[in-house]
Amino acid sequence: MADFYSRLAATSLTARVALGVAFLLVFGGVIVSIAAFAYGREAARSAYDRLLLGAATGIASAITVQDGKPVIELPMSAFELLALAPEDRIGYRIMGPEGETLTGYDEIVLPSNRRDLRDGFFDGTFFGEPARFAVVSRRFAERTLNGTVNVVVGQTLIARNDMAYDITRKALYVLAASGLAMLLLAAVVVRSVLKPLETIAGGLAARDPHDLTPVDTAVPRETAVMINALNGFMARLDRQMNSMRHLISDTAHQLRTPVAALRAQADLFSDEQDLSRKEKIVERIQTRTASLGRLLDQMLSQALVIHRGDSVRREKVDLRDIALDVFEAGDHAVLNPEFDVLLEIGETPVLVLADEPSLKEALKNLLGNAVRYGQSPVRIGASLTGGRAGIWVEDSGKGPGDEVLADLGARFNKGTLSRQASSGLGLAIAHSVALAFGGELVLERTASGRFRAALLFAAAEEAAA
Amino acid sequence: MTAVRRLLYLALAVLPALFLPGATRAQEMVETYGQEGAAESLLVRSTTDIAVFGPVVEAFLKTRPGLGVRYEQWGSNELYRLTRADCRNGTEGADIVISSAVHQMVKLVNEACAFSHVSRLTERLPDALRWRDELWGITREPAVIVYNRELVPPGDIPQTRFDLLDLLRPSGTPYAGRVATYDIEESGLGYLFAFADAQEASTFGALQESFGRTRAVSTCCSADIIEGVAEGQYLIAYNVLGSYAQGYELKDERIGIVLPSDYTLVLSRALMIPKQAANKEAAEQFLDFLLSSEGTLALRNALLISPLLETEEGNEGEALSSTALRPIGLSPALLVALDALTRETFLRRWRATFPGP
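Protein chains in written order, with the working numbering: chain A, 1449 to 1913; chain B, 4 to 360.
Okay, chain A solo, but in the shape it has when bound (with noise of 0.2 Å):
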């Protein structure tokens, strides 16, 4: 079942018209012919009703009454008309005024409802075959007879049924004709409509595996919803290579510095004779060691930010499980004991959509900057804030300078920014999470003069959760 699910969803667009346009031609199909059948017959029906009727009318008015008795002679001209149907029987029964036969078959009875005789038309049979009759009736009022005499006249139907096949025939050969265009306009159609599917397809395969700039987009509607997605997946995709390549180059560029440091350091180490020195030196090398490894530690979260970013969905996250989260994993009692940390957070949730490990990473190194470069103490809270949900870290301390605030600001739109010190890298990820979901990193002075770095964000519904 899988499989012929599959196989459905793989059918080529030629195929699907190819049938829709079958079935379209086969319901039809059936449908006309019906109605053509049913056409067919009405028409037969009264083309021969007619025949009767001219016929009987005929013989009624050849009738003459000689000596008080009607007197008929049959008119030859009456029964060559009913032979236009060369295969069928005549019927035919003259009754007079009392309804006694004057000539013909007795064994045609009138229908003895009125109803039956629509028109002057019924149908009946004729020596056991269906058969169709018409009356007609002549009035007489002579002194010597008064009264009606009526003509039936009637025939047996295979001329009828003849036409109506005819009809239905030649009705079915039109519509035959009919879905034979249909279908090659169809193709012609089909093959126009995937023109410019195949035109696309062209251009991607001829395309230079590393050139991702945007298609053409001047083709129909309906296909540049697909060109515009595969636009922007290249575009992602272009991104995502681009901070791969920065990445790398970043992380070469900045460990090649506490590399090197390091190294010299244990240069001189080699070269130092005294012990006391050599104690000095170990030190320097041990905390050395330890930035090199919180550098490290940033590159990979903000690596891991930026791959989350572009790659992961979408989901609701309520920004004070965030602030809560990082409060209670407690890194910053590692990085400087003697700093008091708050938490302030609402009763309402702050919800937005994100990913929650990206939010968590770019608060940690906010609170991480807060610790190393501000003052005691540390607030981390989540708040909402005129329809933008914020998550902050704000210290008692003035934060940098205003030139340093407004270089960093040029900084973060030149994507610069990373290759400065650890705390560059800290803002670099938080930066990156702000510009991933859609958000912005805002570093001000708050009203009461503490130095505030928040992410701000737009609030998801709530209702939607």
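Mixed in with the good hints, there may be bad ones.
One side of the interface only, derived from the structure: several residues of chain B facing chain A at Cβ under 10 Å [as the list claims (entries may be wrong)]:
| no. | residue |
| --- | --- |
| 1 | E114 |
| 2 | C116 |
| 3 | D130 |
| 4 | W134 |
| 5 | R135 |
| 6 | D136 |
| 7 | Q202 |
| 8 | L337 |
| 9 | A340 |
| 10 | R346 |
| 11 | E347 |
| 12 | T348 |
Just a sample of chain A residues kept apart from chain B, beta carbon distances all over 12 Å, derived [to be verified]:
| no. | residue |
| --- | --- |
| 13 | R1566 |
| 14 | S1844 |
| 15 | G1886 |
What the hints contain is simulated information worked out from the structure, not anything from laboratory work.
Glycine residues also receive a C-beta, built at the ideal position from the N, C-alpha and C atoms.
Chain A is fixed; fit chain B onto it per the hints.
Chain B in isolation, oriented as in the chain A frame:
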């Protein structure tokens, strides 16, 4: 069952035979063909003279050994009544009915008395010689004028009906009382020819009037009429079946034949297989034989497919242009001829012409 009851049944069975006029009359002649006590038998009832049709039956039996044929010759009206009674009562009658009174045959087919048969040979027949695949025209025989070669001077020989009218017009014409034609009340064929004449042209009214004025004779049966002409009892016979006339002409030099050039009626004897036929298979074979080349040859030898109609032979310049030939087609329009009231009206007019002997 009591004896009284049995008597009652017997009476019921016999009564119709006693009182129905048609049933009491027997066939005119009977002949059997084929081996004595053949396992299979075929009953043919026909209006055609045994002497004429016998060779055709014999030709058929050559292709179909082991079959016995009983051939009954009937008058056309009796044959019609008998076949119709068989059909209505559902009694087993003839296997094949052949009649020159085709209007009667059309009526029988119209009343669903016939059995349908289609074969390659029947399909080759023209539409006029085939109706509903139940009735087939098997012969081609013109209605001709026969005269006595010795008694009628060459200048008097009527080539058309108008010539005949002219012959009868003068008062004291020698042809008064010496022109013969069928008694149409007795002969179904005669009625058919007269009826077809009446439909064909207005000449017939004038002719009828002339016949009446000159006390023409109406009598029965082709053979009697032709013999009468040969013997000089009649000088001219009108509307005689060409096949019989030609057969007589070959034996008797006194007989001359004219195909009227204004128009000549052509009759095709009609054959039908009654639906109660006991041996339908043999009947179908007989029909197919008659339509096959051997059968056609046999019919031509019997003059039933008349050489008079063949233009190639030229037959003393009497061959006609095909437009003058008026075949009496097998069509339901022939029903008119048998309609009781129409027939009565037609016969009343006829009786006024021939007051009777």
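Reported absence of S1844/A from the contact zone with chain B (all CB gaps over 12 Å): holds (117 Å)
Interface restraint verdict for A340/B against chain A (beta-carbon cut-off 10 Å): Constraint on A340/B satisfied, holds at 9 Å.
Non-interface label on G1886/A, tested against every C-beta of chain B at 12 Å: Label holds. Min Cβ-Cβ 87 Å, cutoff 12 Å.
Hint check: 10 Å Cβ-Cβ cutoff, W134/B to chain A: Holds, because the Cβ-Cβ distance from W134/B to chain A comes to roughly 8 Å (cut-off 10 Å).
Interface hint status, R135/B versus chain A (Cβ within 10 Å): Hint on R135/B: holds, closest Cβ of chain A at ~5 Å, below 10 Å.
Chain A contact restraint on C116/B - CB to CB distance below 10 Å: holds (9 Å)
Given hint T348/B near chain A, where the shortest CB pair must fall under 10 Å: T348/B check passes; min Cβ-Cβ to chain A is 5 Å, inside 10 Å.
When the least beta-carbon distance from L337/B to chain A is tested against 10 Å, hint result: Cβ of L337/B sits 8 Å from chain A, so the hint holds.
Interface hint compliance - R346/B to chain A, C-beta minimum distance less than 10 Å: Hint holds; R346/B Cβ to chain A Cβ min 9 Å, cut 10 Å.
Cut-off 10 Å, beta-carbon criterion: hint that E347/B touches chain A: holds (8 Å)
When the least beta-carbon distance from E114/B to chain A is tested against 10 Å, hint result: holds (6 Å)
Satisfaction of the D136/B interface hint, Cβ to chain A closer than 10 Å: holds (8 Å)
Violated hints are absent here; each numbered hint is respected by the structure.
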